[in-house]
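**Student:** As given, the protein sequences belong to chains A and B, one line each in that order. Taken in order, the first sequence gives residues 2 to 417; the numbers are from the working numbering. Taken in order, the second sequence gives residues 2 to 417; the numbers are from the working numbering.
These aren't lab readings, by the way, just hints derived from the structure by calculation. Careful: at least some of the hints might be erroneous.
In this list, chains with the same sequence are indistinguishable; a pair is considered to hold if it fits within one copy or across any two.
Said to hold, decoys possible - Straight-line alpha carbon distances no greater than 25 angstroms define the calculated DSS-like cross-link-like pairs of lysine-lysine that follow:
1. K328 with K360
2. K360 with K153
3. K125 with K80
4. K269 with K10
5. K121 with K80
6. K10 with K120
7. K336 with K360
8. K69 with K181
9. K80 with K272
10. K31 with K146
11. K31 with K125
12. K10 with K31
13. K69 with K10
14. K269 with K238
15. K29 with K175
16. K10 with K121
17. K238 with K95
18. K336 with K147
Protein chains: 2
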Amino acid sequence: MVKLKGFQKLTLTDQALQSWINALQIGKPKVVAVSLQDASGRVLAEDVIAQEDLPRFDKSAVDGYAIKSADSVGASQFKPATFQLTENPEVNAKQAKQVWTGNPIPKGANAVVMLENTKKREGKLEVWNQLAPGDNVSKKGEDIKKGEIGAKAGTRLNPYHIGLATALGYSKLKVAEKPKIAILVTGNELAEVGTQLSGNLIYDSNKIMLSAMCTELGAETTDYGIAKDNVDEIADKIQKALQSHDAVITTGGTSVGGLDLVPDAVNKLGKPGVIVHGVALRPAMPTALAMLEGKPVLVLSGNPVAAIVGFEVFGRSMVCRLLGMSKTEPRPMLKAILARRVASALGRKTYVRVRVTLKSGEFYAEPVSAKGSGAISTMTQSNGFVIVPENREGISEGETVVVHVFGSLEVADQNV
Amino acid sequence: MVKLKGFQKLTLTDQALQSWINALQIGKPKVVAVSLQDASGRVLAEDVIAQEDLPRFDKSAVDGYAIKSADSVGASQFKPATFQLTENPEVNAKQAKQVWTGNPIPKGANAVVMLENTKKREGKLEVWNQLAPGDNVSKKGEDIKKGEIGAKAGTRLNPYHIGLATALGYSKLKVAEKPKIAILVTGNELAEVGTQLSGNLIYDSNKIMLSAMCTELGAETTDYGIAKDNVDEIADKIQKALQSHDAVITTGGTSVGGLDLVPDAVNKLGKPGVIVHGVALRPAMPTALAMLEGKPVLVLSGNPVAAIVGFEVFGRSMVCRLLGMSKTEPRPMLKAILARRVASALGRKTYVRVRVTLKSGEFYAEPVSAKGSGAISTMTQSNGFVIVPENREGISEGETVVVHVFGSLEVADQNV
């Protein structure tokens, strides 16, 4: 616990996440069967199991000739073994039958000599190398055996999983239904995009951005609009949203310095309400983690970058759980050399925005100058986070850091 | 050039890609305006430019009190400066006006003291620290200035770009129209999923898998079915596909050892036809790169893993170009310690499938045992490629390698 004026205490980030996830006890997601064409990116709800061996029969891995390997003993380019060509279904001693990649191995044969290691001469086939049984043969069940698991429940399906499932004869896959997430932003200062700005109004960027973040992870979102800074209005909208959604995400109205509108609204609606409020996390300190009707309510800061980091730390975990994953899906990561010192406060976990470049075979992470948690351009200029742990006061230039990657890497020497 | 029986010559991978891309001369993509809600993942066709400063006015970066910084000179917790609280629009000397994060800085003030560094006493405000002009103020235009580029054409939009565009007042974005790609697989041995297998038939897994790979990159695909091993049937389907598509991808019928059905079909249809056939690339040697009617035709192997690697090397570049990117979008990458020696042939670029795990702060890449280019389960067991260059004969255990990541990383010590 870290003391701070404003918040009575700040909860350590890992502890906050762990207690929230434990409290939520999210059950298995609803299951929906989708066609293979629609399955990529979805999260598998049931194991993909091989109903038979793949390949279903021994097949040639190359273009060449199927033979009995024993007939090639001692063969070399200088002392070829000679074979009779056959077109019969069965290969007998000293016979060779032409096969293309993927063809079944003919009965009697147990190896395939590659085309380039043979020569046809006077109607016969010369073989230039010695083969062992099984050479250039894809054995029945070599890819996957009947009963084996091809992909486990909880896996996010990529095109290769789809390919495997297709080869196994699946035409539909059972995946987690998309979690339904309601997004509500709060703040008297906010205006919807497409409207005319006046006075001190600013466009709300959180709602559409959070929706894109949820969608990217495989959820679907409902826009609950912009609530004014009013506990009753906020509570009313959260209550409505809970009726038809698996989770609610809010932004704004959570700073203890200002008004605790959203946490107050959440606590008005039931138990346990707010579980954690105030996290030793920069730039997402005012985040609150709550539960109502057994469903997660994620109360994020109104500052865009603080909302992003709050979602990164807590929202990802929440969505992954709603999708039936047992652990939070990590971002792509890499190790890079920190190109410039970054500062951080002892006792806070700090998310530093960096731009990673690959130059002459080395990854460099250049911190994107921190202009405060409102400057969303720092997120578009960067492609990853470096996480400074609580026990460090900054990280020095030249240190190796782990980067959690969210954007395209810059490759300095790329030609094409 | 590497000599090989079967192919007269193999073209080096980079050279093959470069000559194909140069020949293609793909123009700018068609542009379509999409709502911000639908823009994530799309590729920007026009720069996003700030039409005005963001923020539009100086605003408070914290909860606290706006003051003239000069009035705080010498202030400390032991010797506070005292201020008169005001609710007027303008802050005069020795006055303080309460502001919340995001509020405009009142006229006359030039700094904000944080709430926790103040105390209200007998109706007045004590300030405990000395401020410099601009302290805790987000300056007008600090995030992005009027006329600056927020995101460049060719950028793949992530949720943060969407957030920035929203804050800038955009309600639609101009993105590249999805390239239309026709997918045709060839092979007498292939059956469609959902049908009953008999004899030596196998399910085609390439068509749906390639479609998912194209879709993942932002293209849309049309299924041209399974063509028999017949040059005329293949040529006919490719010709039809070219009429309404930006590119054609085929699989199978490209092995010089067997029959060159697809390259022959392509060359029948016009000039230049096949530009490269046979690449010093493992496991995608029989790949052919072609152009008809100025459009790319990518002729992949029928072996699933060879088709995957052929698409990885050539297909990604093609789709990225069709989307208007000037360079191929790289996969996420990382450096890892190779956990076991991998073999490769001198003179070939070799794609090795590996499984990357993060354990005790170190990334390890475990090669997934190569069962030949047909075993698609090796792709689902792995999460990245290690590329062995042409001038290496294998890579030793313990060497540091760059991994191109296509699947979720495994984090050994992850709790939540």
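**Student:** Look at each hint and say if it fits the structure.
**Tutor:** Verification of the supplied hints:
no.	hint	result
1	K328 with K360	between (33 angstroms within a copy, 16 angstroms between copies)
2	K360 with K153	between (37 angstroms within a copy, 22 angstroms between copies)
3	K125 with K80	within (15 angstroms within a copy, 105 angstroms between copies)
4	K269 with K10	within (21 angstroms within a copy, 75 angstroms between copies)
5	K121 with K80	within (15 angstroms within a copy, 101 angstroms between copies)
6	K10 with K120	between (81 angstroms within a copy, 19 angstroms between copies)
7	K336 with K360	both (14 angstroms within a copy, 13 angstroms between copies)
8	K69 with K181	neither (60 angstroms within a copy, 48 angstroms between copies)
9	K80 with K272	neither (85 angstroms within a copy, 45 angstroms between copies)
10	K31 with K146	neither (29 angstroms within a copy, 47 angstroms between copies)
11	K31 with K125	neither (63 angstroms within a copy, 58 angstroms between copies)
12	K10 with K31	neither (38 angstroms within a copy, 54 angstroms between copies)
13	K69 with K10	neither (77 angstroms within a copy, 31 angstroms between copies)
14	K269 with K238	within (12 angstroms within a copy, 65 angstroms between copies)
15	K29 with K175	within (13 angstroms within a copy, 39 angstroms between copies)
16	K10 with K121	between (84 angstroms within a copy, 21 angstroms between copies)
17	K238 with K95	neither (82 angstroms within a copy, 42 angstroms between copies)
18	K336 with K147	neither (39 angstroms within a copy, 36 angstroms between copies)
The structure is inconsistent with the numbered hints 8, 9, 10, 11, 12, 13, 17 and 18, although it conforms to all the rest.
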